[in-house]
Every structure is written in structure tokens, then in C-alpha cells.
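Counting in our numbering, the sequence shown runs from 837 upward without gaps.
Simulated from the structure, these hints should not be mistaken for laboratory data.
All C-beta atoms, glycine included, are put in the ideal place defined by N, C-alpha and C.
Hints should not be assumed to be uniformly reliable.
Computed cross-link-like contacts, EDC-like style, restricted to lysine to aspartate or glutamate with a CA-CA straight-line distance of at most 20 Å [unchecked claim]:
id, residue 1, residue 2
1, Lys875, Asp849
2, Lys859, Asp874
3, Lys883, Glu906
4, Lys859, Glu937
5, Lys944, Glu867
6, Lys882, Glu926
7, Lys1027, Asp1042
8, Lys859, Asp848
9, Lys883, Glu867
10, Lys944, Glu906
11, Lys909, Asp848
12, Lys1018, Glu1046
13, Lys976, Glu937
14, Lys859, Asp905
The following label-pair restraints were derived from C-beta to C-beta distances [what the hints assert, rightly or not]:
id, residue 1, residue 2, range
15, Ala838, Leu959, 19 to 25 Å
16, Glu926, Glu1046, 54 to 60 Å
17, Thr933, Gln850, 47 to 53 Å
18, Ile855, Asn956, 17 to 23 Å
19, Ile855, Gln947, 32 to 38 Å
20, Gly857, Asp905, 25 to 31 Å
21, Pro958, Ala838, 35 to 41 Å
22, Asn856, Ile1049, 55 to 61 Å
23, Gln840, Asn956, 20 to 26 Å
24, Lys976, Gly1035, 31 to 37 Å
25, Gln1009, Ser1033, 14 to 20 Å
26, Asn856, Ile1011, 55 to 61 Å
27, Lys882, Gly857, 31 to 37 Å
28, Gln947, Lys909, 18 to 24 Å
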Amino acid sequence: MATQCAAWRVKDDQMFHFINGPKIHFPLRCEGKAIQGDKVCGKCAKKRNKPKPDKNIGNHPPIWWGTIDEAVKDFGALKSRMWGSQWFYEKVKAGNTISPEDMGRVKKAVQGTAMEVLSNAPLPEPPATVPTEKKKRVPKAKKEPEAKKAEVTQPVAVVQEEPIEPEEVHVVQVIKKELNGKQYYYDSGKKKLYEPSTGKYVGRWDSVKELVITSIPDSDAE
837 MATQCAAWRV
847 KDDQMFHFIN
857 GPKIHFPLRC
867 EGKAIQGDKV
877 CGKCAKKRNK
887 PKPDKNIGNH
897 PPIWWGTIDE
907 AVKDFGALKS
917 RMWGSQWFYE
927 KVKAGNTISP
937 EDMGRVKKAV
947 QGTAMEVLSN
957 APLPEPPATV
967 PTEKKKRVPK
977 AKKEPEAKKA
987 EVTQPVAVVQ
997 EEPIEPEEVH
1007 VVQVIKKELN
1017 GKQYYYDSGK
1027 KKLYEPSTGK
1037 YVGRWDSVKE
1047 LVITSIPDSD
1057 AE
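Work out the full structure: start from the sequences and follow the hints.
See below:
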């Protein structure tokens, strides 16, 4: 009585998927009958005797993939996409997985073959990834306009006697700046604001609340 062919086979209409990944050829044993003096059928014997493909032709069913007493392997330039192949394990290491239902079907199909050991062994774990903290983007500092000198003086009292000498002139470094729609001379060191037309002290600029605080007096002691 002729025995069943011992060659591995694949069929394009019997493929399954990695979860959210590419298709995989299901491992099948050829259903043909072995010819006399050989363990494979005549059709598989012809495949075995064909030259190895010199490029990845992407046509797997007509290719010889070996016999069930050995794990499936690549032939020539063509990589097998069958479960248990080198290609399959490369995809597993990259993080692809198959469902428990499909794994159960595979175990049943390879029972009694060289790949039964592989079906019972744990699959390789993908390399662990360490989450990297995203660097916060640091805003570029705005270029401030060139500072101008503003001379702030107190009015000189006029009397009939000898003229009174004016008090010491207080010179501060200021820049012209628009705040809340109004132009001021701005002392960035002390956050003081002055009227551009008169040089009169107005108040302090609160950069957090973005408000002009007029209740803070101008202190010469600062």
C-alpha cells in the first residue's frame, strides 16, 4: 500500500495572518501518494529536481520546501513564508503575533513532523523598547529693539530770589515698548514704565498678569 507523500506544501487559499500583520502560509503535508523507492509523490519529486530560484519570484505553491522530517527552509533566493520558517521568526522578533486559535491549528497540522518541537517551544520575544521622553521645545527669545536713553527730570521751581539749582538728573536705560495697545518707555531692569512724551513715571509692568500696576510709587532708593 502506497504511503502518503512526505513533502511540505503550501496553498495560497490556505493562508492566515499575523495580528495586524502580513499573511503566513499554513504548513501542509502533501496529500499525494509516494512513488516506489521514494518518500514523495511524483509531482513533488519534479519540484525537488527543479533548479533553485535565482530571485524572489513570489510564487510559493510550485516550489519545493523540503520534507516533513526537517524544518522548512529557504531555497535559493526565495524565502519561505510558511509558519516556522526563518521569515516567520524574523516577523515574530519584530513584534508580530498570531492568534491562539491559529496557533492551535498549526500545532495540529505539524503533529508528528520535525516542526512539532517548534510548535511547543515558546516564540522569541521582541526586543524591549525604552520610552524616550519628548524634549520640550524651547521658544526662541525675541530680539529686543535697541535701548534708548530717556532723561527724566523733576520740574525746576521758579521764585523771585536766586534760581534754585535743579536736583540731580536721573538717567535710566529704557526701550520703547507697546503694552496693552499703548506705547511706553520701559526700564527692563526694574520693570518701570514712563510716558514717552513727558518722561513721567507711570507704574510697574507685571509680566505674569500682563497689567500695568500704577499703585507702586517710583522709589529713588532702588
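Checked hints:
| no. | hint | verdict |
| --- | --- | --- |
| 1 | Lys875 with Asp849 | 26 Å, violated |
| 2 | Lys859 with Asp874 | 32 Å, violated |
| 3 | Lys883 with Glu906 | 17 Å, holds |
| 4 | Lys859 with Glu937 | 15 Å, holds |
| 5 | Lys944 with Glu867 | 16 Å, holds |
| 6 | Lys882 with Glu926 | 30 Å, violated |
| 7 | Lys1027 with Asp1042 | 8 Å, holds |
| 8 | Lys859 with Asp848 | 10 Å, holds |
| 9 | Lys883 with Glu867 | 15 Å, holds |
| 10 | Lys944 with Glu906 | 17 Å, holds |
| 11 | Lys909 with Asp848 | 18 Å, holds |
| 12 | Lys1018 with Glu1046 | 13 Å, holds |
| 13 | Lys976 with Glu937 | 56 Å, violated |
| 14 | Lys859 with Asp905 | 25 Å, violated |
| 15 | Ala838 with Leu959: 19 to 25 Å | 37 Å, violated |
| 16 | Glu926 with Glu1046: 54 to 60 Å | 58 Å, holds |
| 17 | Thr933 with Gln850: 47 to 53 Å | 20 Å, violated |
| 18 | Ile855 with Asn956: 17 to 23 Å | 21 Å, holds |
| 19 | Ile855 with Gln947: 32 to 38 Å | 24 Å, violated |
| 20 | Gly857 with Asp905: 25 to 31 Å | 30 Å, holds |
| 21 | Pro958 with Ala838: 35 to 41 Å | 38 Å, holds |
| 22 | Asn856 with Ile1049: 55 to 61 Å | 59 Å, holds |
| 23 | Gln840 with Asn956: 20 to 26 Å | 23 Å, holds |
| 24 | Lys976 with Gly1035: 31 to 37 Å | 32 Å, holds |
| 25 | Gln1009 with Ser1033: 14 to 20 Å | 19 Å, holds |
| 26 | Asn856 with Ile1011: 55 to 61 Å | 58 Å, holds |
| 27 | Lys882 with Gly857: 31 to 37 Å | 33 Å, holds |
| 28 | Gln947 with Lys909: 18 to 24 Å | 20 Å, holds |
In the structure shown, a violation is registered for the earlier hints numbered 1, 2, 6, 13, 14, 15, 17, 19, in ascending order.
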